[in-house]
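Working from the sequences, and respecting the hints, build out all of it.
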Amino acid sequence: MSKMTLKIEGDTHVIVTRRFAAPPEAVYRAHTDPKLIQKWLLGPEGWTMPVCINEAKAGGKFRYEWTNGKGGGFHITGEYLELEPYNRIVHVERMYLPDPTPDNHIETRFEADGGGTLMTMRMTLPDGKTRAAMLATGMEHGMEASYVRLEGML
Amino acid sequence: MDNLDGAFSALADPTRRAILARLATGEATVNELTEPFEMTQPAISQHLKVLEDAGLIVRRVEGTKRPRRLAKGGIEAMDQWLAMLRKALETNYDRLDEVLAGMEKHKKGKKR
Chain U
4 MSKMTLKIEG DTHVIVTRRF AAPPEAVYRA HTDPKLIQKW LLGPEGWTMP
54 VCINEAKAGG KFRYEWTNGK GGGFHITGEY LELEPYNRIV HVERMYLPDP
104 TPDNHIETRF EADGGGTLMT MRMTLPDGKT RAAMLATGME HGMEASYVRL
154 EGML
Chain H
382 MDNLDGAFSA LADPTRRAIL ARLATGEATV NELTEPFEMT QPAISQHLKV
432 LEDAGLIVRR VEGTKRPRRL AKGGIEAMDQ WLAMLRKALE TNYDRLDEVL
482 AGMEKHKKGK KR
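Just so you know, the protein sequences line up as chains U and H, in that order.
Numbering of the first sequence is given in our numbering, commencing with residue 4 and proceeding in unit increments.
Numbering of the second sequence is given in our numbering, commencing with residue 382 and proceeding in unit increments.
Among these hints, one or two may not hold up.
To be verified - Calculated lysine-lysine pairs in the DSS-like style (CA-CA distance at most 27 Å, straight line):
(1) K42(U) / K488(H)
(2) K38(U) / K489(H)
(3) K42(U) / K73(U)
(4) K468(H) / K42(U)
(5) K453(H) / K430(H)
(6) K38(U) / K453(H)
(7) K6(U) / K446(H)
(8) K38(U) / K446(H)
(9) K42(U) / K489(H)
(10) K446(H) / K132(U)
(11) K73(U) / K468(H)
(12) K486(H) / K132(U)
(13) K38(U) / K488(H)
(14) K468(H) / K488(H)
(15) K132(U) / K430(H)
(16) K10(U) / K468(H)
(17) K453(H) / K10(U)
(18) K430(H) / K446(H)
(19) K42(U) / K10(U)
(20) K430(H) / K42(U)
(21) K38(U) / K64(U)
(22) K60(U) / K488(H)
(23) K64(U) / K42(U)
(24) K488(H) / K132(U)
(25) K10(U) / K132(U)
(26) K42(U) / K60(U)
(27) K6(U) / K488(H)
(28) K6(U) / K489(H)
Since the hints were derived computationally from the structure, they do not count as laboratory data.
Have a look at this one:
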């Protein structure tokens, strides 16, 4: 059962879709309430988000900091451009590695779908090169998890 | 990939992964590849040699230039990376499923 899709569109977009067995209001809240965000937006096993500051209003800022508890970590900052409870969020974000990456512009939609929600996240990067770098960074995160798994097998 | 060990160790370096990501957007010369990194051209050339030996990139001769592009193995590696990114996102959303189930239970509990 694969509920998520991830695809690349044109030179600068990445589109992610996912279905949830909860109404749009709940999924929207899980994306904007810091206490809820800290429970799931963590990446591979072993990572936590000790800092989650989130001012969910148009023009509001957010800052998420992750750590793997072994000295590894990074953070992102962003601003909300538009918030339409409980249907749509538009924000920009950038990652610090430690230099800031170019802004990733993200529109997230939550649509009622049966008794659940269809979420569609549309990312727009400034150019193809930035998109490739972003994907490579995300991959690095996943890659680390696969190395950890590999270590477990050896 | 016929040289799996070589490919795996070639990918263990972040600079080499970034070079591969850059080449995923199209062919590039050593100069173009050196530009985004705070490294000398010989250092980048050394990384390119490792990637080439691992069968991840190939070079072409064009006058005095030697533009590099992804080889079949490199394209396969990029596909695998995309699969890993997908996996990291899926892990998040599986966790979100549990959070949502917990919220629903909480709500029902309150109503009672």
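Hints, verified against the model:
no.	hint	verdict
1	K42(U) / K488(H)	18 Å, holds
2	K38(U) / K489(H)	19 Å, holds
3	K42(U) / K73(U)	19 Å, holds
4	K468(H) / K42(U)	18 Å, holds
5	K453(H) / K430(H)	16 Å, holds
6	K38(U) / K453(H)	45 Å, violated
7	K6(U) / K446(H)	46 Å, violated
8	K38(U) / K446(H)	54 Å, violated
9	K42(U) / K489(H)	20 Å, holds
10	K446(H) / K132(U)	21 Å, holds
11	K73(U) / K468(H)	22 Å, holds
12	K486(H) / K132(U)	44 Å, violated
13	K38(U) / K488(H)	16 Å, holds
14	K468(H) / K488(H)	30 Å, violated
15	K132(U) / K430(H)	22 Å, holds
16	K10(U) / K468(H)	13 Å, holds
17	K453(H) / K10(U)	20 Å, holds
18	K430(H) / K446(H)	15 Å, holds
19	K42(U) / K10(U)	26 Å, holds
20	K430(H) / K42(U)	43 Å, violated
21	K38(U) / K64(U)	16 Å, holds
22	K60(U) / K488(H)	24 Å, holds
23	K64(U) / K42(U)	20 Å, holds
24	K488(H) / K132(U)	45 Å, violated
25	K10(U) / K132(U)	16 Å, holds
26	K42(U) / K60(U)	21 Å, holds
27	K6(U) / K488(H)	25 Å, holds
28	K6(U) / K489(H)	26 Å, holds
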